[in-house]
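**Student:** Respectively, the protein sequence lines represent chains A and B. No gaps in the numbering here: position 41 of the first sequence is 191 in this note's numbering, and each next residue is one more. No gaps in the numbering here: position 370 of the second sequence is 417 in this note's numbering, and each next residue is one more.
Errors might be hidden in some of the hints.
Said to hold, decoys possible - Among the chain B residues that face chain A by a calculated CB cut under 7 Å, a handful are: (1) Ile280; (2) Ala284; (3) Leu375; (4) Ala378; (5) Ala412; (6) Val423.
Hints listed in this document are in silico derivations from the structure and should not be mistaken for laboratory results. Predicted, not measured: the structure shown is a model, and the values here were computed from it. For each residue, glycine too, the CB sits at the ideal point set by N, CA and C.
As a plain string of letters, each chain reads:
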Amino acid sequence: MSAFILRRLLQTVVVLILLSFVCYYMMSLMPGDPIDIMVSSNPKMTAEDVTRLKSLYGLDQPITVRYWHWLRDFSQGDFGYSRTYRIPVQEMIAPRLLNTLYLSALALTMALMIGIPLGVIAGLNPGSRFDYVANFFSYGGISLPSFWLGILLIIVFAVKLEWLPAGGTETIGANLSGWDAFVDRLKYLILPAISLMTLQAGVYLRFARSSMIEAMGNDFIRTAKAKGLSRFRVVWVHGFRNALIPLITVVSLSASAIFSGAIITETVFAYQGVGKLVFDSIVGNDFNMAMVSFMISIAMVLTMNLLADILYALADPRISYS
Amino acid sequence: MNNAESLQQQASAPQQALTMGQIIRAQFVQHRMALAGFWLLVLLILAALSAPLIGTVTGNDAESQSVFNRYLPPMSRVAMPRSQQDQALETFVTASEQRASALLEQLVAAQLTRATGQLPADDVLDFLDRRDAATPGQLQSLASAESLALLAVYAGFNKFHLLGTDELGRDVLMRLIYGTRVSMGVGLLVALASALVGVLVGSLAGFYGGWIDAVLMRITDSMLSLPILPLMIVFAAVELDKLPLLGTVLAGGNDSIAKLVIVLVMFSWMQAARLVRGSILSIREREFVLAARALGAKDSTIIASHIIPNVAAPLLVAVTLGVGNSILWEAALSFLGLGINPPTPSWGNMLNNAQEIIHEAPQLAVMPGLLIFITVICFNFVGDGLQDAIDPKSIRR
Chain A
151 MSAFILRRLL QTVVVLILLS FVCYYMMSLM PGDPIDIMVS SNPKMTAEDV
201 TRLKSLYGLD QPITVRYWHW LRDFSQGDFG YSRTYRIPVQ EMIAPRLLNT
251 LYLSALALTM ALMIGIPLGV IAGLNPGSRF DYVANFFSYG GISLPSFWLG
301 ILLIIVFAVK LEWLPAGGTE TIGANLSGWD AFVDRLKYLI LPAISLMTLQ
351 AGVYLRFARS SMIEAMGNDF IRTAKAKGLS RFRVVWVHGF RNALIPLITV
401 VSLSASAIFS GAIITETVFA YQGVGKLVFD SIVGNDFNMA MVSFMISIAM
451 VLTMNLLADI LYALADPRIS YS
Chain B
48 MNNAESLQQQ ASAPQQALTM GQIIRAQFVQ HRMALAGFWL LVLLILAALS
98 APLIGTVTGN DAESQSVFNR YLPPMSRVAM PRSQQDQALE TFVTASEQRA
148 SALLEQLVAA QLTRATGQLP ADDVLDFLDR RDAATPGQLQ SLASAESLAL
198 LAVYAGFNKF HLLGTDELGR DVLMRLIYGT RVSMGVGLLV ALASALVGVL
248 VGSLAGFYGG WIDAVLMRIT DSMLSLPILP LMIVFAAVEL DKLPLLGTVL
298 AGGNDSIAKL VIVLVMFSWM QAARLVRGSI LSIREREFVL AARALGAKDS
348 TIIASHIIPN VAAPLLVAVT LGVGNSILWE AALSFLGLGI NPPTPSWGNM
398 LNNAQEIIHE APQLAVMPGL LIFITVICFN FVGDGLQDAI DPKSIRR
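Build the full structure now, drawing on both the sequences and the hints.
**Tutor:** Structure (structure tokens):
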């Protein structure tokens, strides 16, 4: 087991390094390095100054050398300055990460609480009217463009009904604390979380339904029923526990989908999370910020995937990774 | 002799595939939602294909803007201001002297106006200046090529916008229909192209095994586990023709559609690759392949008559589901402003500034998204129906 974890860990690190180079290379293809931008705001600068500055900051070096310098600094914890916000990248990242964590945790909880019970009930009565409706909802959730759902929610709940704010993270300048601050944050979280969770709820419903059907078809379920166990015990202890195994993988593998969704949702709702930061910094050519936010978010997703593999092995003793 | 017979049997395999097709069709038809989705998609594709025809019938197009008619609600009729009407008539009449004199002749013959000896165009314009509600009818009664062309100019004075107009005064219905072409086209193209890449990678890995398999599948698996959107944003934000290899492929320049298709294909071939590899690995070990091999079938025969039919069906399902996904990704990227560039309409970029206009015209934010939703759900239902239809375990007799 530990050998397996070690191998997967190593693999994750290799993928991360490769990706960081791809991202670095792509970003360097964007028009305009810092000196070019400096020149455009200061037309008196001569060509000699430009070459001197470029060699001073190492921008005349080949891409591989520049990448190596970046990687060295990054691994030592020097993330550099943000070009847009004029502050060290570290100071920016932590609060943004926390905001995204709140959003995705809420969305994940909602998706689990809606998708799994509905899926289990549908799976217990396949072919019933309830199953039909639940299936329809699951397809709806999978096919809904989350950004459009976000816009619809804004139109209905923010513009027409004026119940909830249309976007943002918290009431600016309110300086709330304790319970009030919590309620305030929650008000800003509800709409983005709904638009983020719909896809996942649909996916979980589908998987919960099919794995429940499969689990209930096992021989030991028939045995449990024949022993005269209560329906509750048969369904939840014998059936659901076995249906849970594939579900664990599906849920932990949804980290990447949730993060992709968070980028869109945070952009729609102007929610100050790391997803919006990734998008804004890549589009705005904020080099250091883009690299760091990109790397951290991808590292998080890959770690979740690694966790999924380990959890899977722990949940199902039949799986061995030797 | 045995060998030849077995080959003959194999040559008759396509007929078996046909009966399988019949089974699949009979199964598919029983899946009501899938059938409904299928016909809805056919309808949408027909509408997209006949976009120019619809444009001629409604007298609208996707491009012409009008500052005076922004944010019109659905079902609006718009009359052009008199001064613009005059201008349109003048450009029409003075465009060709021949046409003007022919028109004048006909008008004089019908005793609608008199020739005063000035330029024919001026005489016609004098007649048109006096126009009233009866004028189109009079032109209609002339029934000549010239008068009908003039009538067409008249028809342009009154426009009917079934779904209203957008922030530049363009007809929303026509933009949605042309957007269907773009979005559906991108979806189909991406799904087919990524299936092709997937088949290539999957069959290479499945056939050769060994280190080729190990390397290709490692790449496939790591790409599957990546969060796709940030990567797509990186690739979409950069001009791809600056990349050494892709630059030559994209020699056409910065065509945003081609670029979007490439970016989407880059991140959506993995499912198909895994599917094909898995099928090949499992089919390769089946008894009927062993039997065919024992009867002396060549590798190419085994591939053509055993492996391809067994891979094709699940691949078809994957492609169908892939179209829906690609449409969603296209819409998301275009919504973020990184996909298809305006003025080319696509469902995603029609929503691009939907947020700024939800107070003036919320319907503009609703309609394109509704189309995306309907299309994607239809593709998902059709894919699900196909899946059921080809799965031998679920065949209901």
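**Student:** Are the hints correct? Go through all of them and say.
**Tutor:** Hints, one by one, checked against the model:
1. About 5 Å separates the beta-carbon of Ile280 of chain B from the nearest beta-carbon of chain A, less than 7 Å, and the hint is met.
2. The beta carbon of Ala284 of chain B comes within 5 Å of a beta carbon in chain A, closer than 7 Å, and the hint placing it at the interface holds.
3. Interface hint status for Leu375 of chain B: upheld, as the beta-carbon distance to the closest one in chain A is roughly 6 Å, under 7 Å.
4. For Ala378 of chain B, the suggested interface contact is upheld, since its CB lies about 5 Å from the closest CB of chain A, less than 7 Å.
5. Interface hint status for Ala412 of chain B: upheld, as the beta-carbon distance to the closest one in chain A is roughly 5 Å, under 7 Å.
6. Interface restraint check for Val423 of chain B: the shortest CB-CB distance to chain A comes to about 4 Å, inside 7 Å, so the restraint holds.
Against the hints set out earlier in the document, no violation occurs for any number.
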